[in-house]
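Between the sequences and the hints, there should be enough to build the whole structure, so can you do that?
With this note's numbering applied, the sequence shown covers 81 to 340.
Don't read these hints as lab results, they were simulated from the structure. Possibly wrong hints are sitting among the right ones.
[What the hints assert, rightly or not] The calculated label-pair distances, taken between Cβ atoms and stated as ranges, are:
id, residue 1, residue 2, range
1, 181, 131, 24 to 30 Å
2, 173, 129, 25 to 31 Å
3, 135, 327, 20 to 26 Å
4, 161, 282, 18 to 24 Å
5, 294, 112, 54 to 60 Å
6, 271, 96, 36 to 42 Å
7, 339, 271, 24 to 30 Å
8, 293, 125, 52 to 58 Å
9, 159, 262, 45 to 51 Å
10, 232, 109, 33 to 39 Å
Just so it is clear, CB atoms sit at the ideal spot from N, CA and C, and this is done for glycine as well.
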Amino acid sequence: MSSSPVRIAVAGALGRMGKAVCATLEGRADALAAARFDRPGAEGEGLVALESALADAQAIIDFTIPEASTTLAETLAQAGGGIALIIGSTGFTPEQDARLAKAAEKITIVRSGNFSLGVNMLMGLVRQAAAALPASDWDIEVFEAHHKRKIDAPSGTALMLGQAAAEGRGVVLSEVEDRARDGVTGPRQEGSIGFSVVRGGGIIGEHSVIFAGESESLTIAHSAIDRGLFARGAVAAAVWAQGKPPGIYDMQQVLGFRAV
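Quick look at the structure:
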């Protein structure tokens, strides 16, 4: 890989995460902001059209919305590849997942519900704890809280943690998850993995996984203090993705927690 800085275009540059990525790129030796773009018709200093951004980018970091991220992946695939796409959007539908998988036949995609080093460490700890604590004695609840403007729930990170717990227990998450409780629900199903969600104010991101037994409980938690931690992880992923073959990768692979 070249020692020259990786040229990164920032999608959704006017958004909170777009601004955080641009700020993170300032002064970096291994990466630089090659272009900034936003939705068609958006106005802002330094913004360029998508076509101009693609002309000078080796990677694009995208923390926008699922449909925009999916369409961008398809655009890159149609262009023949060569530009890595780093996706931090969450809340994809199965149809959008399928479209991303198709695009990944031609382009390199790093996709994660959370680009934080701490959260990815948390996933490993949750997987280990779930494997060690039997479902007959320990209930698992994934708790998450975010700001009032977040549009999907549970968060992508919460689902990642639920998936880690399911993998630890050797079960399929979709078969044991419990996302909603209202009214007279009856006793909790043994082996279920529950999700609890809070939306309010300006909370950046709070995640915890509770292992609840009859006589004791264990809580493993992570708190995001500023959005810069997600931006730094995404930039690291963009640098890592250079030279990788087409496919969908995740932050566990970027950080070396799981083999490519």
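Outcome of the hint check:
{"no.": "1", "hint": "181 to 131: 24 to 30 Å", "verdict": "holds (25 Å)"}
{"no.": "2", "hint": "173 to 129: 25 to 31 Å", "verdict": "holds (28 Å)"}
{"no.": "3", "hint": "135 to 327: 20 to 26 Å", "verdict": "holds (24 Å)"}
{"no.": "4", "hint": "161 to 282: 18 to 24 Å", "verdict": "violated (39 Å)"}
{"no.": "5", "hint": "294 to 112: 54 to 60 Å", "verdict": "holds (55 Å)"}
{"no.": "6", "hint": "271 to 96: 36 to 42 Å", "verdict": "holds (38 Å)"}
{"no.": "7", "hint": "339 to 271: 24 to 30 Å", "verdict": "holds (29 Å)"}
{"no.": "8", "hint": "293 to 125: 52 to 58 Å", "verdict": "holds (56 Å)"}
{"no.": "9", "hint": "159 to 262: 45 to 51 Å", "verdict": "holds (47 Å)"}
{"no.": "10", "hint": "232 to 109: 33 to 39 Å", "verdict": "holds (35 Å)"}
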